[in-house]
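Sequence order for the protein chains is A and B.
For the first sequence, the working numbering assigns the number 1 to the initial residue and increments by one for each residue that follows.
For the second sequence, the working numbering assigns the number 1 to the initial residue and increments by one for each residue that follows.
No lab work stands behind these hints: they were computed from the structure.
One or more of the hints may lead you astray.
Derived pair list, reagent style DSS-like, types lysine-lysine, alpha-carbon separation capped at 27 Å [unchecked claim]:
(1) B:57 - B:78
(2) B:53 - B:78
(3) B:78 - B:3
(4) B:3 - B:57
(5) A:69 - A:3
(6) A:3 - B:78
(7) A:69 - B:53
(8) B:53 - B:3
(9) B:59 - A:3
Remember, predicted model here, so these are calculated numbers, not experimental data.
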Amino acid sequence: DAKTTQPDSMESTEGETVHLPCSHATISGNEYIYWYRQVPLQGPEYVTHGLQQNTTNSMAFLAIASDRKSSTLILTHVSLRDAAVYHCILRVAGAKLTFGGGTRLTVRP
Amino acid sequence: GPKVLQIPSHQIIDMGQMVTLNCDPVSNHLYFYWYKQILGQQMEFLVNFYNGKVMEKSKLFKDQFSVERPDGSYFTLKIQPTALEDSAVYFCASSLEENTLYFGAGTRLSVL
């Protein structure tokens, strides 16, 4: 059973801010929320991760709901290079990553 | 971010032959992983490896598959013998202790 739920696809335009949602209603207390992205013919790229607090880095802002049952990856000023499949994955420290279908983000010029 | 190198980027072999896929993980990383992705499909976990041992493997990790990291060099995935259904892109990943996984660019294996 999938532990996270993401929309199959989203669209944006260059320069906009994009909010990628992820639902994880059955998350356990020791599970981190990881985000990876993948473009065709390349390996998954780490974007960010968090446990409970919102996090930010050069790539994205991760907003985590107070009950941890959902999260949102926020990409500001998106460019064509941000077009990818974005994966939201729950992971206990030290465990493998289990990928689902993710959200395919299309960025229009 | 940290770089994981995979050699070669593409390999073509005949069914029944042996193939070894090589992964040069991030230098101080201790945990290693192999994933398989068939074109247009999801990434599938194969195996992870730590301290010279397989920690966990999936049902996709057939008896024909083996992994090793001799003397701290490349982390390898060997398939012997290969089958047509082994055609896919194989991704290697590594992590430091229990932290974030970093992936290589993949090796595309074509079994003819």
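Evaluation of the provided hints:
The straight-line distance between the Cα atoms of residue 57 of chain B and residue 78 of chain B is roughly 14 Å, inside the 27 Å bound, and the hint therefore holds. Among the hinted pairs, residue 53 of chain B with residue 78 of chain B is consistent with the structure: their alpha-carbon atoms are about 15 Å apart, no more than 27 Å. Among the hinted pairs, residue 78 of chain B with residue 3 of chain B is consistent with the structure: their alpha-carbon atoms are about 22 Å apart, no more than 27 Å. In summary, the hint linking residue 3 of chain B to residue 57 of chain B is supported, as the alpha carbons are separated by about 24 Å, within the 27 Å threshold.
Taking the CA atoms of residue 69 of chain A and residue 3 of chain A, the gap is about 11 Å. The hint holds against a cut of 27 Å. Taken as a hint, the residue 3 of chain A and residue 78 of chain B pair is broken in the structure, with Cα atoms around 32 Å apart against an allowance of 27 Å. Of the pairs offered as hints, the one joining residue 69 of chain A and residue 53 of chain B is violated, with about 35 Å between alpha carbons and a cut-off of 27 Å exceeded. Simply put, residue 53 of chain B and residue 3 of chain B have alpha-carbon atoms about 23 Å apart, close enough for the 27 Å limit, and the pair holds.
Of the supplied pair hints, the one linking residue 59 of chain B and residue 3 of chain A holds, its CA atoms being roughly 20 Å apart against a limit of 27 Å.
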